[in-house]
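Engineer: Same order as they appear, the protein sequences are chains A and B. Using the working numbering, you'd call the opening residue of the first sequence number 654 and step up by one each time. Using the working numbering, you'd call the opening residue of the second sequence number 509 and step up by one each time.
Hints listed in this document are in silico derivations from the structure and should not be mistaken for laboratory results. Every value quoted in this text rests on a predicted model; they were computed, and no experiment measured them. Virtual Cβ for every residue (Gly too), placed ideally from N, Cα, C. Just so you know, not all the hints are guaranteed correct.
As the list claims (entries may be wrong) - Which bits of chain B does chain A cover? Going by a derived footprint, with three or more residues having C-beta under 8 Å, they are:
1. 640-654
2. 701-714
Claimed, not checked - Simulated crosslink set (DSS-like; lysine-lysine; CA at most 25 Å straight-line):
3. A/Lys-696 x B/Lys-555
4. A/Lys-700 x B/Lys-638
5. A/Lys-696 x B/Lys-570
6. A/Lys-701 x B/Lys-613
7. A/Lys-663 x B/Lys-683
8. B/Lys-570 x B/Lys-555
9. B/Lys-564 x A/Lys-663
10. B/Lys-613 x A/Lys-700
11. A/Lys-663 x A/Lys-701
12. A/Lys-701 x B/Lys-589
13. A/Lys-701 x B/Lys-696
14. A/Lys-696 x B/Lys-581
15. A/Lys-696 x B/Lys-636
16. B/Lys-696 x A/Lys-696
17. A/Lys-700 x B/Lys-589
18. B/Lys-581 x A/Lys-663
19. A/Lys-663 x B/Lys-570
20. A/Lys-663 x B/Lys-631
21. B/Lys-683 x A/Lys-700
What follows is the residue order along each chain.
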Amino acid sequence: MDELIAAIVKPLVNFPEDIQVSSENSEDGITYILTVNKEDMGKVIGKKGRIAGAIRTIVHAAGRAQHQDVQLSIRE
Amino acid sequence: MREVIKNGKSIDEAIEQALEELHATLDQVTIDVLEEPKRGLLGIGAKPAIVKVILKENPIEKAINYLRDIVEKMGVIVEIKATQHDERNVECQLTGDDLALLIGKRGHTLNALQYLTNLVANKHSDHKLKIVLDAENYRARRKESLEILAERMAHKAVRNRRKVKLDPMPAYERKIVHTVLQPNRHIKTASEGEEPHRYVTISPES
Numbered sequence: 654m655d656e657l658i659a660a661i662v663k664p665l666v667n668f669p670e671d672i673q674v675s676s677e678n679s680e681d682g683i684t685y686i687l688t689v690n691k692e693d694m695g696k697v698i699g700k701k702g703r704i705a706g707a708i709r710t711i712v713h714a715a716g717r718a719q720h721q722d723v724q725l726s727i728r729e
Numbered sequence: 509m510r511e512v513i514k515n516g517k518s519i520d521e522a523i524e525q526a527l528e529e530l531h532a533t534l535d536q537v538t539i540d541v542l543e544e545p546k547r548g549l550l551g552i553g554a555k556p557a558i559v560k561v562i563l564k565e566n567p568i569e570k571a572i573n574y575l576r577d578i579v580e581k582m583g584v585i586v587e588i589k590a591t592q593h594d595e596r597n598v599e600c601q602l603t604g605d606d607l608a609l610l611i612g613k614r615g616h617t618l619n620a621l622q623y624l625t626n627l628v629a630n631k632h633s634d635h636k637l638k639i640v641l642d643a644e645n646y647r648a649r650r651k652e653s654l655e656i657l658a659e660r661m662a663h664k665a666v667r668n669r670r671k672v673k674l675d676p677m678p679a680y681e682r683k684i685v686h687t688v689l690q691p692n693r694h695i696k697t698a699s700e701g702e703e704p705h706r707y708v709t710i711s712p713e714s
């Protein structure tokens, strides 16, 4: 899943070397935490959160395929 | 990114040699003249032209490689067949076993993949590109069910004399609804709300 998130985000940003993906286990499943360069926040969130929405949709689908409930949180 | 450095008696000759080696045409490359040619006197002091020719990355190829990489990391094995209809429009057919996963509920996952693929394509393109993703003829099937839904909701709006709101849809799905209901003089359609939650409304014509 880490690799998937990085593969989606890397070509969208200006500072791909600053991308980090970590994960936390919680009661509701796994939360993946995506960290990007502050200047790239707009590039992964998009107008009205459209890019972030598309990334989450794909990550949820991949999670469902492995019978996992996954969340994605984006930080700078 | 592939590039070659070539020399020749003239700039044009050097470029021609470089294009031959790259199997490219002039519009697929950027040219950097490193050295202007000098004729010299009676062949003494003559210097060849030196050019650097860089093959531009094809934005469509780049976008499709991006899509392929994502789908593979989702754990789905698919074949992607891209057909370029004209300068702007590209259609990608996905074939494989786990396509339901890639399509998602009401095409949400397919639409998300399509959105991101277009984003990457247009980041690298000098003109607007539109890539449509399709799997198992999903787009055609969805069009058909949207048309049936549109007719049913139009009927409901007339029967109840009340405005009917449809679920949020992407622009090209809303267009299908507007188009199919356009000849119907008993109702009028409109789009309301903000992207990405914009939806179609059908109101009875009073």
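Engineer: Hint numbers the structure violates, sorted upward?
Structural biologist: 1, 3, 7, 8, 12, 13, 16 and 17
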